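Listed below, chain by chain, are the residues.
There are 4 protein chains.
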Amino acid sequence: MSSAMSPDEIAQRCADIMWPDDHAARGIGIEILAVGAGSAKVAMKVRQDMVNGHGNCHGGFIFAVADCAFAYACNSHNHRTVGAGVDINFIAPAHLGDRLIAHGHARHQGGRSGLYDIEVENQAGKLIALFRGRAARIKGHFFEIPDNAASPQER
Amino acid sequence: MSSAMSPDEIAQRCADIMWPDDHAARGIGIEILAVGAGSAKVAMKVRQDMVNGHGNCHGGFIFAVADCAFAYACNSHNHRTVGAGVDINFIAPAHLGDRLIAHGHARHQGGRSGLYDIEVENQAGKLIALFRGRAARIKGHFFEIPDNAASPQER
Amino acid sequence: MSSAMSPDEIAQRCADIMWPDDHAARGIGIEILAVGAGSAKVAMKVRQDMVNGHGNCHGGFIFAVADCAFAYACNSHNHRTVGAGVDINFIAPAHLGDRLIAHGHARHQGGRSGLYDIEVENQAGKLIALFRGRAARIKGHFFEIPDNAASPQER
Amino acid sequence: MSSAMSPDEIAQRCADIMWPDDHAARGIGIEILAVGAGSAKVAMKVRQDMVNGHGNCHGGFIFAVADCAFAYACNSHNHRTVGAGVDINFIAPAHLGDRLIAHGHARHQGGRSGLYDIEVENQAGKLIALFRGRAARIKGHFFEIPDNAASPQER
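Chains as they are written, first to last, in the numbering used here: chain F, 158 to 312; chain R, 158 to 312; chain U, 158 to 312; chain D, 158 to 312.
No wet-lab data here; the hints were simulated from the structure. Since the model is a prediction, treat every value here as computed from it, not as a measurement. Treat the hints with care, since some could be wrong.
Under the rule of at most 30 angstroms between Cα atoms (straight-line distance), these lysine-lysine pairs were calculated in the DSS-like manner [said to hold, decoys possible]:
#	chain 1	residue 1	chain 2	residue 2
1	D	LYS283	U	LYS202
2	D	LYS296	R	LYS296
3	R	LYS296	R	LYS202
Covered, in the sense of this in silico footprint (three residues per stretch, anywhere, with C-beta under 8 angstroms from a C-beta of chain D), are these stretches of chain F [unchecked claim]:
#	stretch
4	240-252
5	258-270
6	282-294
Even for Gly, the Cβ is constructed at its ideal location relative to N, Cα and C.
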């Protein structure tokens with residue numbers, strides 16, 4: 158049927174539904190660059206209110222940009238999903254004015270739990286942090302999925 | 158000599174030097190409740206710009222309040238120290254208006270690396286997150302330490 | 158009723174059922190010292206086949222002794238439970254002939270997922286490793302629980 | 158000069174020096190399949206003494222095979238290096254008779270600390286575990302490096 162949605166179209170639809178509700182992501186200046194089935198890419202500029210007096214970005218904001226990519230990636234299958242935990246490693250500092258890009262994808266998505274690897278890089282492609290997020294599905298969907306849609310998680 | 162500083166006085170002095178420089182912590186409304194040798198306790202109120210449309214606090218801000226307690230705890234020995242990595246587990250959601258308390262202490266502090274356990278609770282004492290931070294000392298001190306001061310890390 | 162089992166009696170019964178099946182734990186010389194509701198304490202002696210030529214114990218065996226304490230602690234509520242993941246930090250080396258003690262307890266046990274903190278110490282009480290295990294319940298119980306038994310996880 | 162060693166030749170030499178000393182790895186049946194600059198691939202067969210009565214491999218041995226790949230990868234630059242910590246996620250069970258392959262490489266190697274991603278798969282290529290190891294260099298080299306050798310860590 159012509160109405161079937163591809164996994165990437167489902168991912169885009171989920172992001173479109175999440176975004177208007179995502180005041181916190183917008184508050185820190187997150188820009189969604191791309192979403193796909195199990196993947197996402199977002200950007201954030203390091204602002205004055207994210208740095209200390211030496212111009213170094215707080216770890217919390219490096220975490221936050223990675224966490225946003227994680228959230229859009231793990232919610233891309235039309236199952237509402239929350240972050241259960243994260244292991245993050247800080248590799249290089251980020252500075253005032255840097256544009257951080259966080260992107261990544263599912264390494265595993267089982268029935269309920271998933272693992273997502275997100276990398277944070279700066280505008281020069283330098284690796285800033287490695288983030289491994291643990292996702293847990295909760296009840297609920299973002300939208301009624303057409304009967305003929307193919308979702309790899311529904312098998 | 159009467160001029161000797163105790164480890165807790167050293168910790169307080171380090172915090173006093175860090176705080177004016179810590180624009181990011183102040184920007185998210187962090188309040189330093191207590192610092193000691195290898196420990197810290199801070200608070201943060203969950204604001205409108207930290208939640209989604211359902212009033213749930215973003216993980217990034219739960220991380221941030223824990224990360225602040227970690228920063229003040231691991232920098233309390235007058236050695237400049239950065240966060241190398243964190244394992245965080247999200248246990249219960251935090252909501253708009255909650256006052257989150259993050260407190261914790263060193264589980265280990267060796268010559269260069271340390272491990273700090275931070276708990277985040279809400280105003281009712283409910284456990285919100287467990288955060289285990291990995292600290293790495295870099296070069297530098299916050300202030301010239303008097304010769305007769307006792308620092309447990311200098312042994 | 159006099160037949161009601163306490164949470165600690167339930168924990169002991171679960172361990173009694175697990176142990177005969179636990180060839181691997183016996184193979185590395187694990188000794189169960191204590192089990193309780195959400196907690197366990199085990200010991201392991203560092204043998205010749207666990208060390209390198211300098212007499213230092215491989216990290217895998219330090220992990221293994223902690224993992225055993227974790228397994229008995231997280232299976233103590235008569236719900237079959239598996240390890241979903243672990244964050245371990247190695248703090249000091251263990252040596253040939255050391256008797257390692259791993260003990261710990263639940264920091265959180267929700268409906269399906271739990272967090273357990275296990276410490277590994279040597280015979281002198283020196284901290285060797287910190288292990289934070291993530292538990293996931295699967296289907297099944299170890300034994301039919303009497304109707305009047307109190308399990309804190311069943312509320 | 159013709160005597161210059163490539164980074165991969167240095168890695169092979171380090172492994173050749175480590176292996177005779179590595180009683181524990183040999184004790185659990187580790188086979189080194191390949192080593193390179195910052196990478197390693199090893200195998201281990203799941204034996205009777207590694208499983209429980211249902212034939213499921215203990216997590217400790219899944220950890221151990223990954224930890225061996227990590228050890229050979231992070232020691233491949235002719236700097237003695239130890240594991241400081243690990244985040245491991247168990248994804249699927251391993252069974253009696255499985256041949257587990259652990260392989261991976263450095264995601265980052267700074268002056269003193271490194272991050273290594275190791276995957277464990279079974280003989281069918283099924284993902285069993287994801288392991289992220291944190292490496293810390295200590296003093297010492299495996300061999301005297303020729304003056305004209307190129308080591309990317311020596312820059």
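Going down the list of hints, with the structure as the test:
Only pairs whose Cα atoms come within 30 angstroms are accepted, and D/LYS283 paired with U/LYS202 is rejected, the gap being roughly 34 angstroms. Our distance criterion of 30 angstroms between C-alpha atoms is met by D/LYS296 and R/LYS296, whose separation comes to about 19 angstroms. A threshold of 30 angstroms between alpha carbons decides the hint, and for R/LYS296 with R/LYS202 the separation of about 34 angstroms lies outside it, so the pair is violated. Interface restraint, the stretch 240-252 of chain F with chain D: holds (3 residues with C-beta to C-beta distance below 8 angstroms; minimum three).
For the stretch 258-270 of chain F, the stated coverage by chain D holds: 3 residues have a C-beta nearer than 8 angstroms to a C-beta of that chain, and at least 3 were required. Counting residues of the stretch 282-294 of chain F whose C-beta sits closer than 8 angstroms to any C-beta of chain D gives 4, which meets the bar of three, so the coverage hint holds.
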